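Residues per chain are reported as follows:
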Amino acid sequence: MQLLSGDARRAVFAPLDDGALRSEAVVRRVGSAIGLGLLGDGEQLPTEAHLATMLNVSTVTLREALAELRKLGLVETRRGRGGGSFVRSRDDVLAELADARLEELGTADLRELGDVHGAVAAAAARLAASRASRTEIARLRDIVDRLASAETVTGQRRTDGRYYIELAACAQSVRLTMQEMDLHLELSQLPWPPAHAPGLLDVIVAGHRAVVDAIEDRDAARARTLAESHVETRTLWAIELRLQRLEAATASGGEQRAVS
Amino acid sequence: MSPGRGDEVARVGAAVSTVVEQVFATVARVRDAALRSLEREGTPSAALLPAGTRELLHEPGQLAVGLGLVVAPRPEAGLPLRLEWWQVDPGDGSSRALEPDLRPTSLGYYDYTAAEWFDVPRRTGRRHVVGPHVDVHGTGRYLLTLTEPVGAGRRFAGVAGADVPVRRFETHLLRTLGPLPAPFVLVNDEQRVVLSTAPRCLVGSLLPPDAGAPGEGARIPGVPWRLLLVHGGRLPVG
Chain A
1 MQLLSGDARR AVFAPLDDGA LRSEAVVRRV GSAIGLGLLG DGEQLPTEAH
51 LATMLNVSTV TLREALAELR KLGLVETRRG RGGGSFVRSR DDVLAELADA
101 RLEELGTADL RELGDVHGAV AAAAARLAAS RASRTEIARL RDIVDRLASA
151 ETVTGQRRTD GRYYIELAAC AQSVRLTMQE MDLHLELSQL PWPPAHAPGL
201 LDVIVAGHRA VVDAIEDRDA ARARTLAESH VETRTLWAIE LRLQRLEAAT
251 ASGGEQRAVS
Chain B
1 MSPGRGDEVA RVGAAVSTVV EQVFATVARV RDAALRSLER EGTPSAALLP
51 AGTRELLHEP GQLAVGLGLV VAPRPEAGLP LRLEWWQVDP GDGSSRALEP
101 DLRPTSLGYY DYTAAEWFDV PRRTGRRHVV GPHVDVHGTG RYLLTLTEPV
151 GAGRRFAGVA GADVPVRRFE THLLRTLGPL PAPFVLVNDE QRVVLSTAPR
201 CLVGSLLPPD AGAPGEGARI PGVPWRLLLV HGGRLPVG
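As given, the protein sequences belong to chains A and B, one line each in that order. The UniProt record's numbering numbers the first residue of the first sequence as 1 and each following residue consecutively. The UniProt record's numbering numbers the first residue of the second sequence as 1 and each following residue consecutively.
For the record, the hints were derived by calculation from the structure and aren't laboratory data. Wrong hints could be hidden among the right ones.
[Stated by the list, open to error] Now the stretches of chain A that chain B is said to cover, found in silico as 3 or more residues with beta-carbon under 8 Å:
id: 1; stretch: 34 to 40
id: 2; stretch: 159 to 169
id: 3; stretch: 172 to 182
[Stated by the list, open to error] Covered stretches of chain B (in silico footprint by chain A; criterion: 3 or more residues with CB under 8 Å from a CB of chain A, positions within the stretch not fixed):
id: 4; stretch: 98 to 106
id: 5; stretch: 134 to 146
[To be verified] Sample of chain B residues at the chain A side, in silico, Cβ under 8 Å:
id: 6; residue: 116
id: 7; residue: 190
id: 8; residue: 200
id: 9; residue: 204
id: 10; residue: 205
id: 11; residue: 207
Note that the coordinates shown come from a computational prediction; the quantities given were computed from them, not determined experimentally. Where is the CB? At the ideal position from N, CA and C, for every residue including glycine.
Just chain B, with the same shape it has in the complex (with noise of 0.2 Å):
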């Protein structure tokens, strides 16, 4: 690889990482709100966020467009599932409380403990991001999802998080980035295309098999994502 191509993997890597850290920061300030309140209450019975918390989605800069904790259910202490998520409402700005549809016998039934955004810090104790996915029970957007566990092992608590639009993370990031690199794909532990310079390469589509092998490109610190660049329309190359 030359110096310069080098350059620039670093200097799109460094820029998806800003904005990655970005909504982590949001994400830490929810689970540090949530850790509070159970350090103070034990049980969580009653809403474990503060109410100011949903300002978060009103600072300025704020890319994401929903937060929150969502708490891991405890069936033997009769807590069912519950979610304390506010969104952004996209026809009116304001934020609203996400009241999903809880019922197991419905069309439309949310079972987040069998989500990705969900499981993966609960089993593994480290923050992940899920996407792009079709948030299909949830909010009905295009989203990155980003949560971290709150408490560990026995006392996970839950997860907190926050939703980022597809469209807001890509638009935030090539405006970071100034002037386009060569062409670039981002791509997520399912080799799905989570961000693309290059016109062939959709988001959301998954890299063709004959892309190369999984695991070849140049790692996002933090994040299960891979930065490729793409020679002469052609991937992968790290």
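Chain A on its own, in the form it takes in the complex (with noise of 0.2 Å):
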């Protein structure tokens, strides 16, 4: 087996700490690798003692979360020699299981997940006002101008990725990095903001440009605080989300209780 090297691909089979259902978190973490492109299409997965054995999960977890990845088609598995377990990328099953994964969780997993992003966002940003250099800031811009013209949903959860952890590395810190990379991984779980509201896409890329300009300007203090505002307002536009659904809902369950 090789070793994925990229801490992003090292993250994707990180073992799994969340104690319970464990299938179902082998199968969003799975989900949201291919989502971030981590996984390619068509590309073989592990052997599944070897699988089971990154994500620290039993035999039988391991194959409960393959039979899902198959039954959503995500995984498909060929017999006999050259056989194995091949991953196909598909995005309307990507953005089923995203909203099924908003529907789980509650607003104050969801505020949870925005705070901790946006505290490690933010400290990238403010030590990246003193330590990107000149490359780096170039860098930065280059990526957010590639998420404005990035045409398809999945190729613009890529970008944004792709930027906050090389703002990350900007601030040179490994650790931080790291921890981008894994919020990464659960955040793409999620519904992409622009697939419900395009117009938002500009607001997420007007929000990197002016951390990049504060960057750029070696304001710390600035580049921090939009950088912390940005990050909120996005947390916000998921729980606005995950009271929609729940409001539509509710209202269609009231309907079912009224005709019943």
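Each of the two chains sits in its own frame; use the hints to bring them together as a complex.
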């Protein structure tokens, strides 16, 4: 088995530490890795035994997860020589998984995830303002430009993740960078805001541009505040979407009760 | 500058050079192995480095935790991005092949042709040191990356290089130096601190703009670094 390098890919197969519903956690992890392109279409997964060891789950749990992934159409298993489990990238299935995940999470979970992401991104932006070289700032700008022109939802999401990871690298911090990678494996399990309201992409792009401008001006306090409030805005979008769904579900549930 | 300070600059500069040359000696062995294969085979389609190359990582006193060859892609000949790179696993100390993510559509895409450690030797035909940098899409470590071109001009075949963790470089250099001299700062050509014995100048930070003109300080031959002495907590004095 190869050693997956590049921390993003390593994080995909890092041991799971959320105790309950572990097979679902495996499904989510693999789903988000496909969404971020860390697992490519047609790529072969490690063997069952190896995968179970890497993720620190039992082979029974892993088989349950693989069965679910097959049912969803995200993994295809071929028998015989050259056989194994192969990844299938399907944007429609990933979008459904994201909706299901949003439904599962409470507003407090979303707020917590946003709190940590805000803390990491704000710290990275503050440090980057005094540590990023001109080359690195140019690279950040280039990534934001690519985000603005990315045409697919998947492409937008990946480029957005890349922006945050490069921002943390500009802070010269391995630990902040690893935190960002872990966070994006979680964040990418949720719906991408512009998928529901395309206009939000402009808000995201403008938010990132403002942070990069502050970094270029070497204004650490402004970079920090802008990054923090931008992540806060996005957390609110996720919570609003969650509440809208809840309202819709309650409304239709109420009708059903009225009928029955 | 008093003669005493000049002596200190010379002593620290010599120690830095010694450590750097030690790593470049390893890089040169990787380069030579690659050149021998190139002369033999012509087209780099199969592996260029003999399997034994990775043993360099396990030599006593080796500072590098990663080394190898990064091949210049040649799309017209159907030759894609390719690395022959080994790294020491931080866990069990064994060496393994690095297999980074070379898919352009991935969040983890490692576009090494745009990386400074690849691009500078390609453009200039000369060796280069990058860092300290967070090697996001490669090894995930905090590194100095030392590279030199294999072949030159039209025959540029890629770069040979080695990764040295920032911590290992610092520990080794300070040990080599023995008694610490006056506080000093080593900066690279981006004004970034490579190593510092002045607590207010942190590794990885950029020198403040008021710290004097770039180009001040003593050059370290063969690397894009300068050495500055710190006077009473203030930078810089060459």
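Do the hints match the structure? See the list:
| no. | hint | result |
| --- | --- | --- |
| 1 | 34 to 40 | holds (count 4) |
| 2 | 159 to 169 | holds (count 6) |
| 3 | 172 to 182 | holds (count 5) |
| 4 | 98 to 106 | holds (count 7) |
| 5 | 134 to 146 | holds (count 8) |
| 6 | 116 | holds, 7 Å |
| 7 | 190 | holds, 4 Å |
| 8 | 200 | violated, 13 Å |
| 9 | 204 | holds, 4 Å |
| 10 | 205 | holds, 6 Å |
| 11 | 207 | violated, 10 Å |
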